[in-house]
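J.: Listed here are the chains, written in short residue letters.
Protein chains: 2
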Amino acid sequence: MKLIGEKINGTLLPVRRAIENRDSRFIRELAKLQAEAGADWLDVNAGTSPEKELDDLVWLINCIQDEVDTPLCIDSANPGPLAAAVDRVKVTPMINSISLEPQKLEGILPIVVKTECEVIALAMDENGIPRSLDERLTVIHKLVSATRSSGIPDSKVYIDPLVMAASTNTDNGKIVLDTIRIIHEEFPEIHFCGGVSNISFGLPHRTLVNQAFLSLAINAGLDCAILDPLNRDIRAAILSVELVLGMDKHCQRYSRASKKGLIGRQTDKNA
Amino acid sequence: MKLIGEKINGTLLPVRRAIENRDSRFIRELAKLQAEAGADWLDVNAGTSPEKELDDLVWLINCIQDEVDTPLCIDSANPGPLAAAVDRVKVTPMINSISLEPQKLEGILPIVVKTECEVIALAMDENGIPRSLDERLTVIHKLVSATRSSGIPDSKVYIDPLVMAASTNTDNGKIVLDTIRIIHEEFPEIHFCGGVSNISFGLPHRTLVNQAFLSLAINAGLDCAILDPLNRDIRAAILSVELVLGMDKHCQRYSRASKKGLIGRQTDKNA
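Chains A and B are the protein sequences, given in the same order. Just so you know, the first sequence maps onto residues 12 to 282 in our numbering. Just so you know, the second sequence maps onto residues 12 to 282 in our numbering.
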């Protein structure tokens with residue numbers, strides 16, 4: 012399971028303030044903590060207006076690269092700033108994201124091709140996120156056609172099936188799980204990457220629902236997630252599921268995390 | 012998901028003491044708490060020597076039936092006491108258990124046939140618990156042949172795939188999950204019932220592993236479990252998985268449990 016650290020995102024208030032005040036210490040600390048917690052990439056989203064975005068992205072990238080060597084996941088909807096930012100990174104980044112929306116295919120797909128990098132592909136088109144399983148599969152088939160005909164190998168594509176809240180439609184979880192399972196069988200080289208926490212939007216005790224959903228999604232084929240790598244409950248859910256699925260030889264990763272005090276309730280070793 | 016409350020078991024020290032002292036208040040309280048927590052059956056295991064077992068079982072059954080109407084799951088390896096105990100219960104019980112061991116097939120299967128009741132069938136034979144997936148499937152096929160040829164409908168059979176510790180063999184979780192999935196596809200009327208907590212034997216933070224395993228087992232087809240219905244973490248795992256699988260219409264059961272304070276960390280509503 013690969014993790015993309017989600018915390019350096021200008022749509023979050025403390026990060027926005029740090030960007031506005033050019034508080035590099037704050038950003039470097041977020042980078043360091045996520046890297047130490049095992050993030051495989053650090054998402055970088057300036058979350059600012061297009062005219063300021065390039066300046067902000069470049070500043071963020073420089074802050075992070077001064078602190079850690081973890082690859083970045085450059086997160087922008089704007090081709091101009093995105094292309095310029097990608098040129099500034101030391102290690103080949105991941106690009107977040109393309110979709111079937113024409114401006115993404117025309118503006119961002121060529122940057123992915125030129126950079127020869129990994130890319131997150133959102134399962135949506137100009138009409139938004141498809142409601143039904145069949146429509147979602149159709150959109151993903153078109154996305155894979157687009158990446159393949161651009162010469163991008165399947166192994167560099169991370170489909171984001173776009174998790175929606177179970178509270179608005181009880182079937183939303185099942186639709187994503189079925190999407191992952193079916194596409195995984197059809198295109199075994201393709202990866203899946205999702206922000207799982209949307210599933211619990213509007214519900215109490217969100218972590219419980221996120222843990223359950225993450226467990227089933229990993230079982231279905233999810234092999235990458237955008238999340239807070241510092242969240243103990245999510246880390247525990249990932250390690251536990253990998254253990255019971257036989258993906259953690261001799262339970263070593265789980266046991267090591269326990270010895271380091273990284274999983275379980277902090278007040279109760281047996282919880 | 013059906014639950015069998017596991018707490019009235021004479022191999023547990025406080026229950027053994029209550030049996031020895033004929034402390035009916037203790038047993039009635041265990042019955043009441045488990046029934047209130049939603050147990051569909053209450054397991055009754057005297058855990059005493061065969062010569063005392065019938066007396067103890069009858070005393071336990073009378074205690075419980077004085078307190079609650081929940082059906083019982085009579086848990087004994089000895090045909091004599093088992094048959095006599097089954098005759099004492101007010102509501103048709105479940106019998107726990109048969110297996111391919113000759114003394115179980117000869118001694119207990121006829122009691123199941125006569126009682127026309129539901130039965131737990133352990134996936135083991137005279138050689139013990141099969142190690143590999145293939146051997147376990149073979150044993151289950153023979154078990155189903157035996158119940159079918161005795162006229163027991165599949166819908167009354169609860170296969171216990173016999174969960175073993177992941178700490179002794181990393182594949183033990185996967186073997187059970189695959190067993191459930193394959194048998195569920197082959198015999199859609201058959202139920203599955205397991206004690207999931209063995210999976211985490213020897214590991215720290217056992218609840219984490221139990222939750223993950225239970226989630227995947229429910230997804231594979233587990234529809235009954237023997238467990239402590241008072242355990243908040245396990246209840247939360249069941250409700251959360253049913254929610255994300257679309258089995259909880261409008262998230263009603265989950266939301267109701269939250270409102271009653273039955274799930275989530277007691278110190279933190281958002282955890």
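Among the hints, a few may not be true.
When chains are identical, the list treats them as one kind, so a pair holds in a single copy or across two.
Said to hold, decoys possible - The calculated lysine-lysine pairs, modelled on BS3-like cross-linking and capped at a C-alpha distance of 27 Å, are:
#1 13 / 185
#2 270 / 185
#3 185 / 260
#4 153 / 260
#5 18 / 260
#6 63 / 101
#7 101 / 271
#8 185 / 125
#9 13 / 63
#10 43 / 63
#11 115 / 271
#12 271 / 13
#13 43 / 185
Hints in this document: simulated from the structure, not taken from any laboratory.
J.: Return the numbers of the hints above that this structure violates; sort them in rising order.
T.: Hints 4, 5, 7, 8, 9, 11 and 13 contradicted; others consistent.
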